[in-house]
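S.K.: Just so you know, the protein sequences line up as chains S and Z, in that order. To convert a position in the first sequence, counted from 1, into the working numbering, add 1. To convert a position in the second sequence, counted from 1, into the working numbering, add 1.
Hints in this document: simulated from the structure, not taken from any laboratory. Since the structure is predicted, the reported quantities are computational estimates derived from the model, not experimental observations. Hints may be right or wrong, so weigh each one.
It does not matter which identical chain is meant; a pair holds if it fits inside one copy or across any two.
[What the hints assert, rightly or not] Derived lysine to aspartate or glutamate pairs resembling DMTMM-like cross-links, with alpha carbons at most 25 Å apart:
#, residue 1, residue 2
1, 167, 386
2, 168, 103
3, 167, 111
4, 167, 349
5, 209, 7
6, 168, 111
7, 319, 336
8, 319, 219
9, 319, 389
10, 167, 228
11, 319, 210
Number of protein chains: 2
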Amino acid sequence: MTRVLEQTVPVTFRYAVHFTHGLFQAHNPVLCTALASATGEPAKVLCVLDGGVSQAFPDLGARVAAYFAAHADALHLVAPPLTVPGGERVKQEAGWVRAVQDAIHMHGIDRHSYVVVVGGGAVLDMVGFAAATAHRGVRLVRVPTTVLAQNDSGVGVKNSVNAYGKKNWLGTFAPPYAVLNDLTFLTALEDRDWLGGLAEAVKVALLKDAAFFAWLEEQAGALVARDLEAMEYAVYRCAELHLAHIAGAGDPFELGSSRPLDFGHWAAHKLESLTGYALRHGEAVAVGLALDCTYGALQGMLPETDWQRVLRLLLALKLPVYVPELGTSAQDPADPRGVLSGLNEFREHLGGRLTIPLLTAIGHATEVHAMDADVLRRSVELLRDLHDQPRGASWLPTPTLAS
Amino acid sequence: MTRVLEQTVPVTFRYAVHFTHGLFQAHNPVLCTALASATGEPAKVLCVLDGGVSQAFPDLGARVAAYFAAHADALHLVAPPLTVPGGERVKQEAGWVRAVQDAIHMHGIDRHSYVVVVGGGAVLDMVGFAAATAHRGVRLVRVPTTVLAQNDSGVGVKNSVNAYGKKNWLGTFAPPYAVLNDLTFLTALEDRDWLGGLAEAVKVALLKDAAFFAWLEEQAGALVARDLEAMEYAVYRCAELHLAHIAGAGDPFELGSSRPLDFGHWAAHKLESLTGYALRHGEAVAVGLALDCTYGALQGMLPETDWQRVLRLLLALKLPVYVPELGTSAQDPADPRGVLSGLNEFREHLGGRLTIPLLTAIGHATEVHAMDADVLRRSVELLRDLHDQPRGASWLPTPTLAS
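Construct the entire structure; sequences and hints are all you get.
M.R.: See the structure below:
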């Protein structure tokens with residue numbers, strides 16, 4: 002009586018990630034060539050700007066307009082750029098998605114037209130969600146302006162806004178049409194954002210590439226001193242490792258339970274929320290990495306010398322390894338005020354079985370399906386002690402497991 | 002200076018389409034086996050019901066509850082089923098997507114839990130959009146209850162709601178986790194919905210399968226007489242052809258300009274809107290097929306004898322080939338009150354170049370990129386004359402192109 006048709010739908014997404022300088026200088030061909038038009042007419046473009054970036058580069062709007070004017074044969078800017086607030090509030094406040102979709106509707110942006118968004122990760126996430134759900138997806142060109150967005154979130158396949166008080170509750174998987182990384186934008190970043198973005202580079206090096214980790218150790222001083230060339234390589238290599246993982250790990254749309262790239266992220270997401278987003282994502286990831294590496298070392302999974310290298314690199318990059326909110330993790334996993342409850346929230350967001358990536362060595366990871374609350378509490382204490390130790394500009398404490 | 006990383010993201014979606022009777026009878030294993038749990042815990046299920054279906058089957062809620070109670074070892078119904086209005090209004094009215102997401106949030110439905118939706122195409126579309134954007138996609142199990150949803154929209158990879166006065170403006174591409182076609186639901190349909198759904202079967206037969214078209218000609222009488230066995234095959238074969246197209250045509254997420262399955266749909270979408278959705282989708286598709294086939298015949302692309310077979314089959318299935326709103330197409334393509342403006346709206350929704358599928362023979366289609374307004378006007382007149390001809394219960398006029 003019952004018949005079954007088994008359906009298999011293969012879909013292949015392709016996009017290019019460009020690394021350039023001065024994207025909106027009239028002679029720079031990157032934007033022009035990335036936005037092909039199939040119809041012979043100039044490609045229709047709606048541009049959305051991050052208000053924080055516009056503030057750092059007050060002539061940005063004018064430069065964008067001038068670029069489009071200089072390339073009017075190939076590109077048609079449908080309206081003056083739309084400016085939205087930068088930072089997490091644009092994902093937090095209702096109405097911004099609708100504002101972007103109003104503009105998409107009003108200016109007749111269709112599936113073969115473009116939304117070009119210039120901004121940090123939060124703005125890319127929000128505009129990405131608006132674009133992905135308009136006409137079931139109009140073409141999104143991301144121009145990430147922070148280290149974190151250029152080397153991690155901006156090159157990936159996700160978008161989102163917050164809802165029900167939860168980060169990224171609403172969103173889709175939707176690869177961009179293209180990503181244009183303009184390194185010049187990084188020069189305007191505050192130190193904490195310049196350095197914070199490197200936490201994702203440390204993370205992916207720890208998971209995938211011991212040589213890149215060693216390079217980060219060597220270049221830590223240059224990176225802290227805001228050497229743009231060093232940053233350029235750090236961003237490029239980190240983006241490359243992320244892209245290779247998304248393409249090659251077999252589950253880009255996260256249909257399963259495993260999320261190896263979310264190393265250190267269960268605690269990071271919770272700490273962001275516990276601090277009301279005062280702790281920024283990269284900083285929270287640094288603390289999360291410190292916590293999970295310490296946990297692994299205490300469990301005997303990660304050699305102590307590797308653990309010491311991780312902690313010393315984070316400290317050398319002036320990234321936090323402890324915040325007071327972590328201390329409350331030394332309580333009950335069921336208490337939502339404590340970081341330990343982040344374990345369950347992480348499982349809930351993914352669904353299925355709890356799956357946490359942990360290191361076995363620098364460059365090599367495995368997965369566990371439970372974490373011991375006592376060992377996590379000891380990890381937190383160890384990090385608090387390390388955090389409390391005096392350190393100078395040129396020397397760092399050497400952490401030890403023995404207490 | 003400029004470097005480029007080329008990214009390729011291959012994603013493979015898999016889902017099964019089951020055909021069964023009495024899905025919610027306690028002994029029917031289909032639902033139970035389709036909803037696997039990875040954790041060993043019973044699978045968490047939020048159930049959403051179409052109010053129209055609940056009205057036709059007043060014991061549906063109780064039967065669903067009884068089914069879950071009988072299978073409590075494998076399935077956990079998180080709450081009494083949520084009932085939403087049936088029909089287009091559920092896509093038209095703001096608030097229903099949020100109502101479904103409120104329930105998803107409140108009951109902790111995650112990416113490894115299930116939303117089971119029982120209803121017609123509009124309800125599947127709306128709930129599908131809510132599910133696809135919650136946690137970037139929770140598992141959606143569709144239980145379509147109409148011919149149209151079982152043989153066409155419900156087995157595909159799209160969801161949507163209406164916005165800005167436009168059908169399907171908001172939505173995503175998101176394959177379901179499973180589709181469970183329960184033929185028993187069809188017995189409650191009004192005649193116009195029973196027959197209207199066959200328009201998609203005629204369409205896919207015309208595009209892909211002359212033998213299926215001939216079968217529809219033979220079985221037209223049985224189908225009109227509501228023979229369930231004939232309908233079962235019609236639904237199965239139509240679903241099978243749709244699934245094969247989605248899987249095999251190379252562009253399931255419609256990244257290009259070509260949409261061969263949208264044969265007859267440019268006019269259909271416009272007629273639905275012009276009639277304020279009084280004309281149902283299947284009926285509108287029948288008129289759209291009649292129009293585009295007549296256009297093709299007048300252009301000499303489709304042999305007159307094939308065209309006659311198409312019109313006679315539509316008439317034999319008691320499907321409309323003309324509605325007064327089509328008459329207004331005899332005006333200006335720029336006038337949004339006329340059906341001809343549907344051509345441009347169709348192009349806008351897809352973006353890129355206008356691409357219209359047209360037949361060269363029964364079972365064979367090609368594409369054109371423009372339609373002649375004069376020939377369309379003559380097509381409309383021809384269909385109006387045919388519509389005005391008297392016809393009996395047992396005989397049909399033979400349409401001719403000569404006028």
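S.K.: With reference to the structure, classify each hint as holding or not holding.
M.R.: Status of each hint after checking the structure:
1. When the C-alpha separation of residue 167 and residue 386 is checked against a cutoff of 25 Å, the pair qualifies neither within a copy, at 31 Å, nor between copies, at 60 Å.
2. In this assembly of identical chains, residue 168 and residue 103 lie within 25 Å of each other by CA distance both inside one copy and across copies; the values are 24 Å within and 16 Å between.
3. For the identical chains of this complex, residue 167 and residue 111 are inter-copy neighbours only, at 13 Å across copies versus 31 Å inside a copy, given an alpha-carbon limit of 25 Å.
4. In this homomeric assembly, residue 167 and residue 349 come within 25 Å of each other (Cα to Cα) only inside a single copy, at 11 Å, whereas the closest approach across copies is 35 Å.
5. Proximity of residue 209 to residue 7 under the C-alpha cut-off of 25 Å is restricted to the inter-copy arrangement: shortest distance 20 Å between copies versus 36 Å within a copy.
6. When the C-alpha separation of residue 168 and residue 111 is checked against a cutoff of 25 Å, the pair qualifies only between copies, where the shortest distance is 14 Å, while the shortest distance within a copy is 29 Å.
7. Neither within a single protomer nor between protomers do residue 319 and residue 336 lie at most 25 Å apart by alpha-carbon distance, with minima of 31 Å and 64 Å respectively.
8. Proximity of residue 319 to residue 219 under the C-alpha cut-off of 25 Å is restricted to the intra-copy arrangement: shortest distance 15 Å within a copy versus 78 Å between copies.
9. Taking the shortest Cα distances, residue 319 and residue 389 sit within 25 Å of each other inside one copy (14 Å), while across copies they are farther apart (82 Å).
10. In this assembly of identical chains, the alpha carbons of residue 167 and residue 228 never lie at most 25 Å apart, being 36 Å within a copy and 51 Å across copies at closest.
11. In this homomeric assembly, residue 319 and residue 210 come within 25 Å of each other (Cα to Cα) only inside a single copy, at 21 Å, whereas the closest approach across copies is 67 Å.
In this structure, the earlier hints numbered 1, 7, 10 are contradicted, and the remaining ones agree with it.
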